[in-house]
Amino acid sequence: MSSGSFYKTLTEESLICGRCGSCRYECPIYKELGWESSTPRGKISLTREIFAKGQKQLLTPEYAKRVTQCTMCGACTKNCASRIDIQAFWQDLRGEIAAAGMAPQGYKAIVDNLKAKKNITNFDNVTRLDWAEDMDEVPENLDQEPGAEVLYFVGCVSSFFPRAAQIPVAVVQLLQKAEVNFTTMGGDEWCCGFPLLAAGAASEIKEFARHNVDTVLEMGTKILITSCSSCYHTWSHVYPTVLGEDIGIKVMHVTEYLAELLNEGKLVPNELDETVTYHDPCDLGRNGGIFDAPRQIIKSIPGVTFVEMATNGMDSTCCGGGGNLQSADPALADAIAGKRIKEAAETGATIVLSACQQCEQMLEKAARSTKQRLQVMDVTELLWMAVED
Amino acid sequence: MSAKLWQQLTDSLGERATTDLFERRFYERDLGPVPDFLVNNIAKPMPDIIVRPKTVEEMAEIVRAAGIEHVPVTPRAGGSTVYFNSVCARQGVLADLNALEGVRSIDKDANTVRVGAGTTWSSLERALNREGLAVLSYPSSAPAASVGGWLAMKGYGIGSLRYGQMVYHVDAAQTVLADGSIHELTKTTDVPVSWMAAAEGTLGIMTELTLKVRPCPEAEWHGLAECKDAVSMQAFIEQAAEASDKPFNLHFSDPGCNALRHRHGLASERAAKSFTVAYDVDGTKLQVDTAANQFNQLLVMTGAVDMSEEAKEEWQHRFFSLLLKREGPSLLGAEMWMPINKLAAYLKDINNYEAKNKLGLKTYGHVVTPKYAMVMTMFNADERNTVGYVQGLALVKKIHDIGARYGGSPYGIGLWNTPYLSRCYTSTQLAELKRRKKMLDPQNIMNPGKLYQAPLFLNPVLFGIGMDVLVATRSFYQGRNNA
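So the sequences go chain by chain: E and V. In case it helps, this note's numbering puts the first sequence at residues 1 to 389. In case it helps, this note's numbering puts the second sequence at residues 1 to 483.
Think of the hints as simulated: they come from the structure by calculation, not from any bench. Incorrect hints may appear among the rest.
Computed cross-link-like contacts, PhoX-like style, restricted to lysine-lysine with a CA-CA straight-line distance of at most 20 angstroms [said to hold, decoys possible]:
| no. | chain 1 | residue 1 | chain 2 | residue 2 |
| --- | --- | --- | --- | --- |
| 1 | V | K285 | V | K342 |
| 2 | V | K246 | V | K312 |
| 3 | E | K117 | E | K78 |
| 4 | E | K78 | V | K312 |
| 5 | E | K222 | E | K250 |
| 6 | V | K342 | V | K398 |
| 7 | V | K312 | E | K339 |
| 8 | V | K348 | V | K273 |
| 9 | V | K54 | E | K31 |
Per the computed footprint, the stretches of chain V lying under chain E, defined by three or more beta-carbons under 8 angstroms from a beta-carbon of chain E, are [to be verified]:
| no. | region |
| --- | --- |
| 10 | 89-100 |
| 11 | 251-260 |
| 12 | 276-287 |
| 13 | 321-329 |
| 14 | 351-363 |
Sample of chain E residues lacking proximity to chain V, with all beta carbon distances greater than 12 angstroms (derived) [said to hold, decoys possible]:
| no. | residue |
| --- | --- |
| 15 | E12 |
| 16 | K31 |
| 17 | E96 |
| 18 | Q144 |
| 19 | D188 |
| 20 | T305 |
| 21 | A310 |
| 22 | T350 |
Ideal Cβ placement from N, Cα and C applies to all residues, glycine included.
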């Protein structure tokens with residue numbers, strides 16, 4: 001038996017929605033804005049009028065704005081009493097909004113940029129490994145070593161944003177420490193394509209999926225690890241669907257892989273005297289099903305006191321960084337992050353950990369702007385602190 | 001509504017008040033997708049203004065200001081009912097109470113919590129669980145329904161069989177009455193808190209409540225009984241409900257309901273052919289063990305078969321009842337308060353009605369007192385097929401009529417169930433409700449148009465004739481894809 005979600009079409013699901021409002025109470029957007037029009041049920045309800053009942057005059061800029069005000073965190077899907085896959089619904093709906101020419105400029109910029117550069121920035125894709133210059137010594141096997149046992153898919157944020165560069169540095173050093181035979185795709189790594197889904201351009205992701213999967217298969221690597229939660233979700237959940245095949249690669253989040261290395265005794269953490277909490281990234285936790293591995297890593301470090309936030313695990317609140325919300329309504333994204341960092345601070349922890357670069361960027365900015373005395377870092381960074389000689 | 005009132009409310013609440021048409025449209029309905037042409041002859045559901053108060057003082061000021069101009073005030077939080085209970089019938093001010101949310105204080109010694117009326121039950125339960133406490137009962141719509149909203153309805157649901165109706169868990173309710181005065185209503189005040197129960201927001205607007213709670217249960221256990229027929233199911237339910245140690249939840253489903261759940265992967269093939277009773281217990285380890293033994297004894301006594309391997313999953317799906325919409329896309333049905341000793345006879349009649357009409361009827365229910373259950377009998381429909389859908393609405397009356405033969409009456413009145421008022425209340429009871437209304441809200445500004453009297457188009461006689469005519473039309477035209 002299954003408790004999973006179901007999905008037919010945008011119009012059918014809009015009619016199936018019972019407007020019960022179970023989707024409301026954990027929705028970070030609704031909690032911030034407070035109006036019925038910002039609830040998932042409100043948006044679905046109007047979608048029903050427009051697309052199932054043909055009232056196209058209701059397709060207004062106000063409605064389009066509400067559709068883009070969503071982090072696609074999946075809290076609504078988790079609670080949906082009709083078992084609608086509401087994230088799939090949002091993806092299709094954003095496609096309709098884009099087709100109607102009502103998507104934010106930011107969406108078009110994302111799509112155009114990804115098509116041109118194969119990453120989410122304006123940097124040339126061949127500079128993907130520039131972060132490695134932060135290391136004392138760049139590993140020889142880092143760039144497209146054929147036949148490596150493990151391929152590390154770095155992700156755009158870690159590859160190009162200086163703050164997040166500390167994550168791949170930590171990951172690579174941990175892999176070296178555990179004597180793992182690994183490599184990366186170097187300049188041949190393309191964005192996983194996840195931002196396309198939220199930008200109403202889902203059909204474009206197939207090209208990215210095909211390129212990335214074929215490149216990894218050509219390199220002969222059977223295990224792919226990634227430190228980006230969205231990349232993880234895309235590789236593990238989206239690629240098999242859009243390509244219509246078993247991709248033949250074992251996809252793991254880096255926390256799962258590191259937890260295995262700890263179990264095997266290949267990494268031995270030293271004592272750290274810290275009180276930490278952990279923010280579950282939506283795409284890793286609620287949407288990816290990985291809750292234990294990051295906690296296992298944290299709890300493996302002697303001396304660390306671990307405290308959970310008020311909402312955690314399946315019920316974890318979003319950081320505001322998902323669903324391309326920053327490109328549609330950055331102030332709203334920041335407000336959501338502000339609430340989440342406050343929740344982290346209430347635990348009494350001095351460090352808030354996550355396992356997603358985007359979450360860390362959001363939370364770090366929120367900690368600064370709200371003047372919380374909290375250090376934000378990735379689980380891999382904490383583990384490297386503990387393992388480093 | 002005058003410009004002066006609009007100005008006063010927007011000055012006072014700032015961005016938490018709006019007259020924006022785009023926004024107001026979202027508050028014109030609850031769960032029931034009743035077509036405009038039916039609604040507009042009976043009600044004016046579009047609010048003039050929506051306000052989102054955060055404090056009792058703001059709520060009081062809104063009510064006072066509206067009262068001066070005799071403008072209706074309709075309270076709404078979860079908006080998770082289907083009878084227009086929280087939709088404006090006569091325009092005016094729509095008070096969205098969701099900002100009155102959150103736990104204010106917890107008294108662990110007294111096992112009580114003070115909570116904002118707009119807090120959802122799931123939010124409250126989560127907050128209490130963090131403190132080692134739990135609510136005594138909650139609605140099957142807990143993720144959507146608010147604390148105040150459930151009291152304003154009848155307040156029966158999961159946990160009621162063991163702990164009673166919600167009103168008995170309420171020590172106090174901070175309430176704004178129709179004159180804008182603020183009161184702390186208790187069992188002993190001149191206006192007792194019990195008056196607010198099932199009043200559907202027509203007497204006052206609750207803003208905070210003090211509720212009895214309990215320590216988090218040490219353990220839980222879930223059983224599922226497969227009964228050979230409705231008679232056996234009724235026997236199981238009656239004995240379980242009368243037992244000295246009652247289960248926290250006692251829920252039943254007929255084969256129609258189970259078959260649909262099976263088609264969506266939420267129940268086994270075996271369940272799909274069965275009448276089932278879910279028997280959910282929690283408490284101390286001893287209580288749970290005792291209850292599990294009691295369940296086994298009930299199986300033996302009633303000839304039911306243990307299917308508990310599916311019980312935990314069914315419990316986990318307890319908030320997913322709208323899954324039943326997936327074969328609609330719409331769902332029509334009758335929710336009734338019914339004596340459990342008539343359940344088998346009711347289901348037999350429903351089965352006969354189904355044999356004649358082929359609606360795909362399905363029934364489930366929660367046993368909420370030792371004698372009564374909330375019973376839901378439904379069928380799928382398609383709101384895009386206007387004729388078929390309206391005929392379907394008429395068929396709902398037929399289900400209510402079948403229920404009435406067995407002592408059933410609508411659960412919740414709002415606007416749409418006003419034709420059935422005489423089934424829900426005796427004339428003495430109704431006179432008492434009207435007396436309270438006249439006493440507390442002589443101007444009739446608190447959620448007017450609900451509960452006390454049917455509007456002309458829903459007058460029981462006219463309504464009965466109209467529905468019968470509509471049902472009769474099915475013999476020669478059933479609309480596209482018949483409802």
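Going down the list of hints, with the structure as the test:
Between V:K285 and V:K342 the CA atoms are separated by roughly 34 angstroms; this puts the pair beyond 20 angstroms, and the hint is violated. Using a Cα cut-off of 20 angstroms, the hinted pair V:K246 and V:K312 holds, with the two alpha carbons roughly 18 angstroms apart. At roughly 35 angstroms between alpha-carbon atoms, E:K117 and E:K78 are farther apart than 20 angstroms, so this suggested pair is violated. A hinted pair counts as satisfied when its Cα atoms are at most 20 angstroms apart, and E:K78 with V:K312 qualifies at roughly 18 angstroms.
Note on E:K222 and E:K250: the hinted pairing holds, with a Cα-Cα distance of about 6 angstroms set against a maximum of 20 angstroms. For the given pair, V:K342 sits about 17 angstroms from V:K398 by alpha-carbon distance, which is consistent with the 20 angstroms threshold. Only pairs whose Cα atoms come within 20 angstroms are accepted, and V:K312 paired with E:K339 is rejected, the gap being roughly 34 angstroms. With a CA separation close to 16 angstroms, the supplied pair V:K348 and V:K273 stays within the 20 angstroms bound.
A distance of roughly 13 angstroms separates the Cα atoms of V:K54 and E:K31; the hinted pair therefore holds under the 20 angstroms criterion. Check on the region 89-100 of chain V: 3 of its residues sit with their Cβ under 8 angstroms from a Cβ of chain E, so the three-residue criterion for coverage holds. With a cut-off of 8 angstroms between beta carbons, the region 251-260 of chain V has 0 residues touching chain E; three or more are needed, and the interface restraint is violated. With 0 residues carrying a beta carbon less than 8 angstroms from a beta carbon of chain E, the region 276-287 of chain V misses the three-residue requirement, and the given coverage is violated.
Given a C-beta distance limit of less than 8 angstroms, the hint that chain E covers the region 321-329 of chain V holds, as 7 residues qualify and 3 suffice. For the region 351-363 of chain V, the proposed coverage by chain E is not satisfied: 0 residues have a C-beta within less than 8 angstroms of a C-beta in that chain, short of the threshold of three. Consistency note on E:E12: stated as away from chain V, yet its beta-carbon is not over 12 angstroms from all of that chain's, at 6 angstroms minimum. Some Cβ of chain V comes within 12 angstroms of the Cβ of E:K31; the nearest lies about 9 angstroms off, and the non-interface call is violated.
The claim that E:E96 is not at the interface with chain V holds, since no C-beta of that chain comes within 12 angstroms of its own (minimum 18 angstroms). Every C-beta of chain V lies more than 12 angstroms from that of E:Q144, the closest at about 43 angstroms, which supports listing it as non-interface. Look at E:D188: its CB is around 40 angstroms from the nearest CB on chain V, clear of 12 angstroms, so calling it non-interface holds up. Here E:T305 stays apart from chain V, with its beta-carbon at least about 18 angstroms from theirs, past the 12 angstroms limit.
For E:A310, the non-interface assignment is contradicted: its Cβ lies about 7 angstroms from the closest Cβ of chain V, within the 12 angstroms cut-off. Non-interface status of E:T350 relative to chain V is upheld: no Cβ of that chain comes within 12 angstroms, the nearest being about 21 angstroms off.
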